[in-house]
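Once you have looked at the hints, place chain B on chain A.
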Amino acid sequence: MEELIEKLKGELIAELNLEEIKPADIDAEAPLFGDGGLGLDSIDALEIILILERNYGIKIDNPAQGKEIFYSVKTLAEYITAHQK
Amino acid sequence: MQPVFIINSSSIASDGTVVGLTMPAVEPDYKEIITDATLRRRMSRFVKMGVACGLECLGQTSDIDAVITATGLGCLSDTEKFIESIVVNNERLLNPTPFIQSTFNTVGGQLALLKGIHSYNVTYVHRGLSFESALIDAALLVADGARNVLVGAIDEITVASTDVQRRMGLLKNYPLGEGSQFFMLAAKADAAPAVCDIETHTGLIDSEFAAVIESFVQRNNLRLGDIDCVLSGSSVAEKMFGDKAVDFKKQCGEYQTATAFALWKATRMNCANVLIVNQYQQINQSLILVRR
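Those protein sequence lines, which keep their order, are chains A and B. Residues in the first sequence are numbered consecutively from 1, following the numbering used here. Residues in the second sequence are numbered consecutively from 1001, following the numbering used here.
Next up, chain A with everything else stripped away, as it sits in the complex:
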């Protein structure tokens, strides 16, 4: 899980062009969206959906679950671990 979390941090930094942020700056349990975390927005959510589909072959079947899955890097990693074939 730790390895996957670190990989995800790198992918988020690269794909979302989070200049000035290093993997160590990202708290795996902090919220990705809104205040108090990375401050991502709805366009970033679309980019994360693409990371899941392209890099892990995972499609989110129930959009209502999005808020839970995308809460933090840790929740993303847990979802990938549970759903990757």
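The hints are simulated quantities; they were obtained by calculation from the structure and are not laboratory data. We put the CB at the ideal spot given by N, CA and C, even for glycine. Hints may be right or wrong, so weigh each one.
Label pairs and their computed distance ranges (CB to CB) [to be verified]:
| no. | chain 1 | residue 1 | chain 2 | residue 2 | range |
| --- | --- | --- | --- | --- | --- |
| 1 | A | P31 | B | Q1282 | 54 to 64 Å |
| 2 | B | R1041 | A | G66 | 21 to 31 Å |
| 3 | B | D1063 | A | K59 | 50 to 60 Å |
| 4 | A | G66 | B | V1088 | 19 to 29 Å |
| 5 | B | V1019 | A | M1 | 16 to 26 Å |
| 6 | B | V1026 | A | R54 | 45 to 55 Å |
| 7 | B | E1027 | A | D35 | 24 to 34 Å |
| 8 | B | L1094 | A | K67 | 21 to 31 Å |
In silico lysine-lysine, DSBU-like type, Cα no more than 35 Å apart, as pairs [stated by the list, open to error]:
| no. | chain 1 | residue 1 | chain 2 | residue 2 |
| --- | --- | --- | --- | --- |
| 9 | B | K1115 | A | K9 |
| 10 | B | K1239 | A | K9 |
| 11 | B | K1239 | A | K85 |
| 12 | A | K9 | A | K22 |
| 13 | B | K1188 | B | K1081 |
| 14 | B | K1250 | B | K1239 |
| 15 | B | K1081 | B | K1250 |
| 16 | A | K74 | B | K1239 |
| 17 | A | K85 | A | K74 |
| 18 | A | K7 | A | K67 |
| 19 | A | K22 | B | K1081 |
| 20 | A | K22 | A | K85 |
| 21 | B | K1172 | B | K1115 |
| 22 | A | K22 | B | K1172 |
| 23 | B | K1172 | B | K1244 |
| 24 | B | K1239 | A | K67 |
| 25 | B | K1172 | B | K1250 |
| 26 | A | K59 | B | K1081 |
| 27 | B | K1250 | A | K67 |
| 28 | A | K67 | B | K1031 |
| 29 | A | K67 | A | K85 |
| 30 | A | K7 | B | K1115 |
| 31 | A | K9 | A | K85 |
| 32 | A | K74 | B | K1244 |
| 33 | B | K1250 | B | K1188 |
| 34 | B | K1115 | B | K1081 |
| 35 | A | K22 | A | K7 |
| 36 | A | K85 | A | K59 |
| 37 | A | K9 | B | K1031 |
| 38 | A | K74 | A | K59 |
| 39 | A | K59 | A | K22 |
| 40 | B | K1081 | A | K7 |
For chain B alone, kept in the frame of chain A given last:
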């Protein structure tokens, strides 16, 4: 044409250094100009260059009645990224950011959003006459009563466009250039340079262009000898004006909106009558008269 005064201007341009087939612009530290990191991280180099230059020109000026931008090829790097993504991902799963940012009017839109300017906002993409078209629109708006009009141009070099233009034989006379210049125009100003006339043509041969230059100068009640300096991007002007002609493309390179660089140079010259004469790839011809 009613003269329009240039009350402020800004530029991001090459310092004349040639790198391979290009003359890249010397860029500022964008973090200091575009302070919102969230906004900045989505901006390509083209957008950052245009927005930073536009913000510098806007300064503290209020009552902006129009934002008019010009570009020959638009946000090329984002367009290339988006097209490549279409091919690589087999037309599926396309990233939204390069698509959103690859539209030609991104710079004008971002400037309006950043400064809360809810007025006329138009982008001209007219090949080698893009900046001239924007300038004509701005002059018409000022003549129609607009208070302050921001007009500017942006074009960028990319590796792919350099290669394509080299293969098309478009880089024979000058390296490929890039840059951004913005101007704040108003109907009245003390001791500011003014754009007094603009004329554009497409497809003229050299003898026709020479006749056009002569009649343009006469129309402004001047003789050829009254022109103090010619900022030239045309061999026709160099033959007509000799030593008075300064080849501005040796400083900025060749690109569709290079005349914005020439106009910025003109605003810094202490001459009564400056004529900008340009030919873009023997396709588009333009004349701009700047007087003090």
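So, going through the hints one by one against the coordinates:
1. A/P31 <-> B/Q1282: 54 to 64 Å: holds, 58 Å
2. B/R1041 <-> A/G66: 21 to 31 Å: holds, 22 Å
3. B/D1063 <-> A/K59: 50 to 60 Å: holds, 51 Å
4. A/G66 <-> B/V1088: 19 to 29 Å: Roughly 26 Å apart at Cβ, these two residues keep to the hinted range, so it holds.
5. B/V1019 <-> A/M1: 16 to 26 Å: Taking Cβ atoms as reference, B/V1019 and A/M1 lie about 46 Å apart, which means the hint is violated.
6. B/V1026 <-> A/R54: 45 to 55 Å: violated, 37 Å
7. B/E1027 <-> A/D35: 24 to 34 Å: Once the Cβ atoms are compared, 32 Å apart, the range 24 to 34 Å for A/D35 and B/E1027 holds.
8. B/L1094 <-> A/K67: 21 to 31 Å: For B/L1094 and A/K67 the Cβ distance comes to about 24 Å; the hint holds.
9. B/K1115 <-> A/K9: At roughly 33 Å apart (the allowed maximum being 35 Å), A/K9 and B/K1115 satisfy the hint.
10. B/K1239 <-> A/K9: violated, 61 Å
11. B/K1239 <-> A/K85: violated, 72 Å
12. A/K9 <-> A/K22: holds, 8 Å
13. B/K1188 <-> B/K1081: violated, 44 Å
14. B/K1250 <-> B/K1239: Cα-Cα ~17 Å, so holds.
15. B/K1081 <-> B/K1250: holds, 30 Å
16. A/K74 <-> B/K1239: violated, 70 Å
17. A/K85 <-> A/K74: With a Cα-Cα distance of about 19 Å, the restraint between A/K85 and A/K74 holds, given a limit of 35 Å.
18. A/K7 <-> A/K67: holds, 21 Å
19. A/K22 <-> B/K1081: holds, 24 Å
20. A/K22 <-> A/K85: Holds - the C-alpha atoms of A/K85 and A/K22 are around 29 Å apart, at most 35 Å.
21. B/K1172 <-> B/K1115: violated, 41 Å
22. A/K22 <-> B/K1172: violated, 44 Å
23. B/K1172 <-> B/K1244: Satisfied, since the Cα-Cα distance of roughly 24 Å is no more than 35 Å.
24. B/K1239 <-> A/K67: At roughly 69 Å apart (the allowed maximum being 35 Å), A/K67 and B/K1239 break the hint.
25. B/K1172 <-> B/K1250: holds, 13 Å
26. A/K59 <-> B/K1081: holds, 24 Å
27. B/K1250 <-> A/K67: violated, 55 Å
28. A/K67 <-> B/K1031: holds, 32 Å
29. A/K67 <-> A/K85: Holds - the C-alpha atoms of A/K85 and A/K67 are around 22 Å apart, at most 35 Å.
30. A/K7 <-> B/K1115: violated, 38 Å
31. A/K9 <-> A/K85: With Cα atoms ~21 Å apart, A/K9 and A/K85 stay inside 35 Å; holds.
32. A/K74 <-> B/K1244: Cα-Cα ~68 Å, so violated.
33. B/K1250 <-> B/K1188: holds, 33 Å
34. B/K1115 <-> B/K1081: holds, 28 Å
35. A/K22 <-> A/K7: With Cα atoms ~12 Å apart, A/K22 and A/K7 stay inside 35 Å; holds.
36. A/K85 <-> A/K59: holds, 11 Å
37. A/K9 <-> B/K1031: Cα-Cα ~23 Å, so holds.
38. A/K74 <-> A/K59: holds, 18 Å
39. A/K59 <-> A/K22: holds, 27 Å
40. B/K1081 <-> A/K7: holds, 23 Å
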